[in-house]
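Chains as they are written, first to last, in my numbering: chain A, 1 to 140; chain B, 1 to 367.
Hints are computed from structural coordinates only; laboratory data are not their basis. Yeah, the Cβ is synthetic: ideal placement off N, Cα and C, and Gly gets one too. One or more of the hints may lead you astray.
Said to hold, decoys possible - Examples of chain B residues toward chain A, derived with CB under 7 Å:
(1) P81
(2) Y82
(3) I86
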Amino acid sequence: MEKMNSRRTFLGVCLGSLGIIAAAMVSWPIFRYLAPRSNSGSAGKVVIPVTDIREGDARFIEYAGSAAVLVRKRGGDLVALSAVCTHLGCIVQWESDKQDFLCPCHGGHYSADGIVTAGPPPKPLDKLPFTVTGGNIIVG
Amino acid sequence: MAVIKKVVDWIDVRIGIREVAEKELTEYILPRTINAWYSMGSVLLFAFVLQVVSGMLLLIYYVPDADKAFKSVTAIMNDVPYGWLIRMCHAVGSNMMVLALLLHMLSVLFMGSYKKPRELNWVTGFTLLALVQAISLTGYLLPWSQLSFWATTVATNSANAIPVVGPYLVEFLRGSKLVGPPTLGRFFALHVAFIPAVIGALIGAHLFFIKRTGISAPPFGQKDSSNHWQGDRYRHEEHPGGIPFFPNFVLDDLRSIAIYMACLMAVVFFDPYLFFPKDAFIPANPFVTPAHIKPEWYFLANYQTLKTFSNELIGLSLQGAAMTFLALLPFVDRGNERHPLKRPLFMVCSLGGLLLWIGFSIWGHLS
Numbered sequence: 001m002e003k004m005n006s007r008r009t010f011l012g013v014c015l016g017s018l019g020i021i022a023a024a025m026v027s028w029p030i031f032r033y034l035a036p037r038s039n040s041g042s043a044g045k046v047v048i049p050v051t052d053i054r055e056g057d058a059r060f061i062e063y064a065g066s067a068a069v070l071v072r073k074r075g076g077d078l079v080a081l082s083a084v085c086t087h088l089g090c091i092v093q094w095e096s097d098k099q100d101f102l103c104p105c106h107g108g109h110y111s112a113d114g115i116v117t118a119g120p121p122p123k124p125l126d127k128l129p130f131t132v133t134g135g136n137i138i139v140g
Numbered sequence: 001m002a003v004i005k006k007v008v009d010w011i012d013v014r015i016g017i018r019e020v021a022e023k024e025l026t027e028y029i030l031p032r033t034i035n036a037w038y039s040m041g042s043v044l045l046f047a048f049v050l051q052v053v054s055g056m057l058l059l060i061y062y063v064p065d066a067d068k069a070f071k072s073v074t075a076i077m078n079d080v081p082y083g084w085l086i087r088m089c090h091a092v093g094s095n096m097m098v099l100a101l102l103l104h105m106l107s108v109l110f111m112g113s114y115k116k117p118r119e120l121n122w123v124t125g126f127t128l129l130a131l132v133q134a135i136s137l138t139g140y141l142l143p144w145s146q147l148s149f150w151a152t153t154v155a156t157n158s159a160n161a162i163p164v165v166g167p168y169l170v171e172f173l174r175g176s177k178l179v180g181p182p183t184l185g186r187f188f189a190l191h192v193a194f195i196p197a198v199i200g201a202l203i204g205a206h207l208f209f210i211k212r213t214g215i216s217a218p219p220f221g222q223k224d225s226s227n228h229w230q231g232d233r234y235r236h237e238e239h240p241g242g243i244p245f246f247p248n249f250v251l252d253d254l255r256s257i258a259i260y261m262a263c264l265m266a267v268v269f270f271d272p273y274l275f276f277p278k279d280a281f282i283p284a285n286p287f288v289t290p291a292h293i294k295p296e297w298y299f300l301a302n303y304q305t306l307k308t309f310s311n312e313l314i315g316l317s318l319q320g321a322a323m324t325f326l327a328l329l330p331f332v333d334r335g336n337e338r339h340p341l342k343r344p345l346f347m348v349c350s351l352g353g354l355l356l357w358i359g360f361s362i363w364g365h366l367s
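Pulled out of the complex, with its shape left as it was, chain A reads as follows (with noise of 0.2 Å):
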């Protein structure tokens, strides 16, 4: 009897084997036909015209599947924020009347460096690596 179910136990061991391999056959291509692209929204560097930004001004702009934002402050230095509110993940508005940035969902407010000045984000927006050369500037 015992070296039946060690038989029995043997076999349920052999089969379940055999269905977790291929269980694993038909998950793998269907996790990797779901999963995010590595590449999608990937648009490598952004080449915007230095003109396109007048002082006090701000440009939206797609870089790395993400929302990011160009500002030129008044003065005329430039800043590469990410546009996502720390707080939870929506996207800021420029107000240039005031110079600063909202974020409309719960009132955060930051300044033109991405600083937070009011409202619940817990830490400045993501500076972004940029170069101005040739009369572009260029993120990322």
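Since the structure of chain A is already known, use the hints to place chain B on it.
Same frame as chain A, now just chain B:
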């Protein structure tokens, strides 16, 4: 194992799941002489689930817009990881499902399982065959290739032969005078929502009828193969001394499903374009009709019938009559004998019909 037992115990004390499992699986007794053809139903259920799952996955990337449909299907095939596998399983699976359905129907036909008291099983099964053909036809248009576009044009145009309402019916089917973006919208909705819902409901009814009436015993290997149903009151057909559905016949079902999957995968991996002529790879162009456009293999006999008769109405009426005859077969063939070799008239008619269908299909393919 102890954890699984605890979970089952937890469910069992609440809804008595073990009692249901015993009644429906281990105490569900099938005739000892049951053969492999009886597992075609399970194969078809599996094939339908496979079509539903692969279809749902395709919906993630497919765009039902005449300007984007072909591009989205091309992207599924070339850009999305394993997209080719999902799409091929769906496209080849639909052909295999029709083949399995035909085999299921033939086995029921030759073993006389459609006879009373199983008329409702036959009628629901036959309706399912028609619906599977309809879902295949509507799905054929979705890739918006030259093949899809013109095959749909020809298929919908055949309704023109119906007197008086024909032209309006064609326009109603297409949503416009010619096949175009409105047709794609209609066929998409029919393919992914309406027809699958009706098929699902009919499968439920089909299984319910089988469970209530009880499965038929094969007519082979017994002295008396005639039908003993009395018809005075409801009786569940019992099979004393038979085998339990679980585990005995479930293993047979799994073996048949494995064979089905092996055939499906063999086509998907070794000859994926078996059912794809070259026009399936060219985007639809409403101004260029390709030469020799033909429907799927299971519509070739219908196609050739329409071509053979100069009057389309005669061709269409003949097909309608044949389909109606088959749908109502249990009400026409009321004899008690179920063994095919003891039914010479049936054998001549059914084999003749089958050969005619195959002959017309080959003729349609070669013409």
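A quick look at each hint next to the structure:
{"no.": "1", "hint": "P81", "result": "4 Å, holds"}
{"no.": "2", "hint": "Y82", "result": "4 Å, holds"}
{"no.": "3", "hint": "I86", "result": "6 Å, holds"}
The structure fails none of the hints (numbered hints given earlier).
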